[in-house]
Amino acid sequence: MSAQIWTYLLVGVTFCIYMIIAIVARAGSTKEFYVAGGGVHPIVNGMATAADWMSAASFLSMAGLIAFMGFSGGQYLMGWTGGYVLLALLLAPYLRKFGKFTVPDFIGERYYSKNARLVALICALFISFTYVVGQMKGVGVAFARFLNVPFDTGVLIGIGIVFFYAVLGGMKGITYTQVAQFCVLIFAFTVPAIYISLQMTGNPIPQVGFGSKGTDGVYLLEKLNLLSQDLGFDAYTSIDKGNLVNMFFITGALMFGTAGLPHVIVRFFTVPRVKDARISAGWALLFIAILYTTAPAVAVFARTNIINTLSEKPYAEVPQWFTNWEKTGLLTFDDKNKDGIIQYVADAQINELTVDQDIIVLANPEIANLPPWVIGLVVAGGLAAALSTAAGLLLVISTSISHDLLKNYLRPDISEKNELYAARVAIAVAVVAAGLAGLNPPGFVAQVVALAFGLAASSFFPAIILGIFDKRMNKEGAITGMIVGIVFTASYIIYFKPQLGGPGLPENFWWGISPEGIGTLGMILNFVIALIVSRFTIAPPMEVQELTERIRTPRGSVSPKNNSH
Amino acid sequence: MIKNKSNYWKTNLKYLASLLIVWFTVSFLFGIVFAEYLNQFKLGGFPLGFWFAHQGAIYVFVILIFIYVYLMNRLDKKYDVDEI
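If you read the protein sequences in the order shown, they are chains A and B. If you use this note's numbering, the first sequence corresponds to residues 1 to 565, in order. If you use this note's numbering, the second sequence corresponds to residues 1 to 84, in order.
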């Protein structure tokens, strides 16, 4: 069977599985819709969290990004995993004890202020929406390239699938679908890596393989370093000293941003007890780590393979996959010196080969000559990653509207049945809106993901931490801190992102910190301002101080209840 | 009881501080700040600083959470604030 048929088959089978789960696990109450009934087993929740977290970007783009960055790519590996330590230690258990449905719930109640809830609500909506548009685009691209349908049709199929199981199942349907999607995506990511690791090093564990000796008895990394230097690139493992401060800040912004992302935090509301929230974060990170420790191995294998297969080889003899990807325009050869041989070097004047980093994971099985079913599997995995993340984000959007805006702001007397109905309508509208935005993504979408992390780091993270660990923190401090953090971070990003129309130039970055890393500074600013302001204004009311005291011990945790305060 | 609770919280903060120091050390220090220095040591084919940034920090993160869970469950029992 050809790769094409395998792809149709595997994508079709996995989609049927998601549908069946959605029908079996549909939600019947707001509690099931928002937090899956609050009775999800911690390991199941860990898997769902992992699928929720690992997006099309983690699955498709990250390994490629690292392959071309080398050492500095570690900022994504550490940044997108380290946040879970913060979540487990500083947020998840306390928010679970607090026992409500959403992040704006916590902010609104802890800071006894409807305005604080509104600020949190707007941030949650903005962060989730920018994120989900990128996922819908990812679905469209994956479909378009592998099922040979137009991009628009691809996005529409994606809308249809997510619409079906998110609207029907709410958090309950999404959780159990995400478990299936996790299994598909992790299998799809590791199988080709194991194959290639065996081929290149004889070691079946990719994490060990890329630090082992190749078939020629030379350490793979040493060989890659030499190959890279021969072509004028920096050695793969060498450290870019001029970039260390920036790498430090980007790693921080990604970690603190992860811990402040509403669609990640809300997952810890679904487990029965505080101790389940703690261990669940551990399981989530373990499952995420499987992909995140394999990705750097895939990066090394792919980079080595590309150099070995293509560098200084005659263009007339390139393998079939090269020709296939050339058609998409993501791989281009421009024979500048007309010698018919591919020169792949660091010097842009002479270099004739451009490889888009997004094709590394998808092309990897073909580059390594793996059987056609592996290629189909990778496509199914990429779609699982994009769909699971999109569904989790859409749920946050719908909860924000039906619960935070409608139930707790505009119409507190709304009935349970009507609220559930509103939640379904909200998620339906959100799916369609995200799909339409994905069809026609404004050019800045990819850029605003940096903004999403920056804003989460500079707004939610300090507000929640201070709400738990500083009993004296009051609404004046928290709100001022959040606003200063957001305004500072957003201004810096907009000023220095040419894609957002900013006039700033990289040489004017403060201490060399790029917009991706500025969230760390925004976060520190938020902490400092909030602490100063709170000490010069009146202490929070007694009952809020008691609430803070209460969330610090696990006993007496109750399953989330849907009542307004 | 009140004294108990404040001791519970103090011990919790002590655990958090120690675990977060490790978290910061393996990622920001070993993986970034001192990576250049550590790269002169080898772990199999891996330069050590590179290994922390691309592998080691992540393993330590996972272990830290499970240690935290173990410590807190024990602490909850000791101060009789655990869940049934």
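These aren't lab readings, by the way, just hints derived from the structure by calculation. Careful, some of the hints might be misleading.
Said to hold, decoys possible - DSS-like, lysine-lysine: derived pairs with alpha carbons at most 25 Å apart:
| hint | chain 1 | residue 1 | chain 2 | residue 2 |
| --- | --- | --- | --- | --- |
| 1 | B | K10 | A | K275 |
| 2 | B | K42 | A | K471 |
| 3 | A | K213 | A | K223 |
Each hint tested on the structure:
no.: 1; hint: K10(B) x K275(A); result: holds (19 Å)
no.: 2; hint: K42(B) x K471(A); result: violated (47 Å)
no.: 3; hint: K213(A) x K223(A); result: holds (9 Å)
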